[in-house]
Amino acid sequence: MNFNKKIAGLCLVLLITSIIGMASADLTQAQAPITGKVFVSSTVFDPAVFFTGDKGTATYVVTTSNTNTSVMLNHGTFSDKNFRLISGTYDYSNTLGPLQTRPFAFSILADAPEGDYYPTFSLSFFDSNLYHKTLLQIDNTPLELTLIDKPDAFSQGKKKTIYMQVANPRKNNVRNVILEVSGAGITANPSRTFVGDLASGAKIPVNFSVTPDHETTLALLLTYNNGNNPHEVSMKIPITFGTDKKQADPVMSNVQVSTIGSTYHVTGDVTNAGLETANAVMVTALSPAVPEDPYKTYVVQALKPDDFGSFEITFGTEGSVTSVPVQISFKDNDGNIYTSVQNVTVPDSGLAKVKDSSGPPLVPITAALVIVAVFVGGWFFYLRKKKQ
Amino acid sequence: MVRSLLNILISPGAFFADLKGEQEESFTWPLVIVLLGGIAAAGYGYLLGEVSGRMMAGALPGIDALVTISSTLGALIGVFIFWLVWTVIVFALSMAFKGQGRFKRTLQVIGYGYLPQVIGSVITVVVAFEYVPRIVVPHVTAAMMQDPVAMQGITTALMRDPAMMELTQITSIIAIVFLLWSANIWIFGLQKARNLSPRDAALCVGIPVIAYVLFMIYSLGVS
Numbered sequence: 000m001n002f003n004k005k006i007a008g009l010c011l012v013l014l015i016t017s018i019i020g021m022a023s024a025d026l027t028q029a030q031a032p033i034t035g036k037v038f039v040s041s042t043v044f045d046p047a048v049f050f051t052g053d054k055g056t057a058t059y060v061v062t063t064s065n066t067n068t069s070v071m072l073n074h075g076t077f078s079d080k081n082f083r084l085i086s087g088t089y090d091y092s093n094t095l096g097p098l099q100t101r102p103f104a105f106s107i108l109a110d111a112p113e114g115d116y117y118p119t120f121s122l123s124f125f126d127s128n129l130y131h132k133t134l135l136q137i138d139n140t141p142l143e144l145t146l147i148d149k150p151d152a153f154s155q156g157k158k159k160t161i162y163m164q165v166a167n168p169r170k171n172n173v174r175n176v177i178l179e180v181s182g183a184g185i186t187a188n189p190s191r192t193f194v195g196d197l198a199s200g201a202k203i204p205v206n207f208s209v210t211p212d213h214e215t216t217l218a219l220l221l222t223y224n225n226g227n228n229p230h231e232v233s234m235k236i237p238i239t240f241g242t243d244k245k246q247a248d249p250v251m252s253n254v255q256v257s258t259i260g261s262t263y264h265v266t267g268d269v270t271n272a273g274l275e276t277a278n279a280v281m282v283t284a285l286s287p288a289v290p291e292d293p294y295k296t297y298v299v300q301a302l303k304p305d306d307f308g309s310f311e312i313t314f315g316t317e318g319s320v321t322s323v324p325v326q327i328s329f330k331d332n333d334g335n336i337y338t339s340v341q342n343v344t345v346p347d348s349g350l351a352k353v354k355d356s357s358g359p360p361l362v363p364i365t366a367a368l369v370i371v372a373v374f375v376g377g378w379f380f381y382l383r384k385k386k387q
Numbered sequence: 000m001v002r003s004l005l006n007i008l009i010s011p012g013a014f015f016a017d018l019k020g021e022q023e024e025s026f027t028w029p030l031v032i033v034l035l036g037g038i039a040a041a042g043y044g045y046l047l048g049e050v051s052g053r054m055m056a057g058a059l060p061g062i063d064a065l066v067t068i069s070s071t072l073g074a075l076i077g078v079f080i081f082w083l084v085w086t087v088i089v090f091a092l093s094m095a096f097k098g099q100g101r102f103k104r105t106l107q108v109i110g111y112g113y114l115p116q117v118i119g120s121v122i123t124v125v126v127a128f129e130y131v132p133r134i135v136v137p138h139v140t141a142a143m144m145q146d147p148v149a150m151q152g153i154t155t156a157l158m159r160d161p162a163m164m165e166l167t168q169i170t171s172i173i174a175i176v177f178l179l180w181s182a183n184i185w186i187f188g189l190q191k192a193r194n195l196s197p198r199d200a201a202l203c204v205g206i207p208v209i210a211y212v213l214f215m216i217y218s219l220g221v222s
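Protein chains in written order, with numbering that gives the first Met the number 0: chain V, 0 to 387; chain P, 0 to 222.
Among the hints, erroneous ones may be present.
One-sided excerpt, in silico: chain P residues whose CB lies under 7 Å from chain V [unchecked claim]:
id, residue
1, Q168
2, L179
3, R198
4, I216
Derived from the structure by calculation, the hints contain no laboratory data. If you're wondering where the values come from, they're calculated on a predicted model, not measured in any experiment. No residue lacks a Cβ here, since even glycine has one placed at the ideal position from N, Cα and C.
Sequences and hints are given; from them, build the entire structure.
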């Protein structure tokens, strides 16, 4: 009897189980078309391309194209051995209504070296799972800071311009690009340049002027953000003093000296033998010369390389001189004033002598008067003697 | 005659006393003497004209040659003009002392008396050869020609050149010495040509000569 009861109970359990199984099978068949219409409509990584060690976010947007049926979403997670998930997973259930979208964002940290990776976003439904893989790159290529042009040499206290270029060889945009210039004994202007966002493949010129007090090293620091991760590139430029090989070099030639009254009149040409433009070229005489009107200083104006201009200056002299220093001054494109001095031989110091001498020449006048007195006296005595 | 001409220099009274007959009327030697004086003066005029020409060369093409030629010819002709003008002055003064004698005779006497100045002119040329190369010549530009002040200035600069000043002083002394020597001759000649006493002849010659010499001394002082 007991055995029959047991057999009957087992049959009953099997029957119930079969009924439940059949019912479940019918339900699965009914839900499958609904979850199949749930998909990842977009994926956003910030930054788009990571540096090794960068933190960022991965955002997956899940969308359903069901028009009249809701879907229950369970347990959304991000997984990849090369990226550490530093935020939590989505462990609770959400209902995604018809034609709705829902983002799933994860904070991640790139642990791997450079390369292409395919992290997985998974989302569980009540009866199945959604797996989604997307390319995520790690690229450690920094921004390029390039020295485009700088003077061959610097001079103490002279302002010179340095021409730089910032380029972005990365596959993603970077933000908050800032170039800082510093160095001991250096006045840089501007010392900090905000470039802003720099798109992938873009480049932008950055110029600044430097006025060194002594020889030193110029430090350039380029900082930028990849996503929210700060990065930097540095460069050092030696600041050495010397002669700029391309500097303008006005040279005086065809110098001719003449005199007008008590004033020397010097004419000539100034030719720019350098490779850069000499601006505001001026010619004047220095001590012991005393510049006098009408041409105390002659402005030749700007001289391009190999160009020349005529000048004329007038001056007197203090005392007896055989040569007079004549100064040529000019400005470079940064407004620095350069001077060079060339001695001009004064053919004779006669003008100075004339200026120094004052009064009539006594010796010849005295001699002439003596001669006249002798003549008159002689004739006076001759006539007086003859009269007697 | 040459020997007699030398007498003019050392014994002018005897020379004019010896002039007789045709010699009294002849103008040959006076003309030769003045011409020689003119040639010597032309030499000096050429040297100084060349200096002035160099100064003006930049102002106008060819002006240097023009200045040199005009200076040379001016000196040559100037001696003959001096001869004539000086005779007129002396002749006029002698009229005040009731001098008697033709103008032609006075002209002849002044011509003979120019002989020392020929010597003086030759010495002046020699001195000028020494000094002229040392003169620093200022240059006149075309623009300066339009500016009288600039022209005056550049002329002053030339005259105040040390070499030029020394040359001027030396030639002035030479000119005074030989002019007085000429005056000595003219006094003796004028006595005979205008029938004057030695005193009157000395005054007729001496007044313009001394005045001229004083003017030269004054010029030395202000130059």
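Hint-by-hint comparison with the structure:
no.	hint	in the structure
1	Q168	holds (4 Å)
2	L179	holds (4 Å)
3	R198	holds (5 Å)
4	I216	holds (5 Å)
Violated hints: none; the structure is consistent with every hint.
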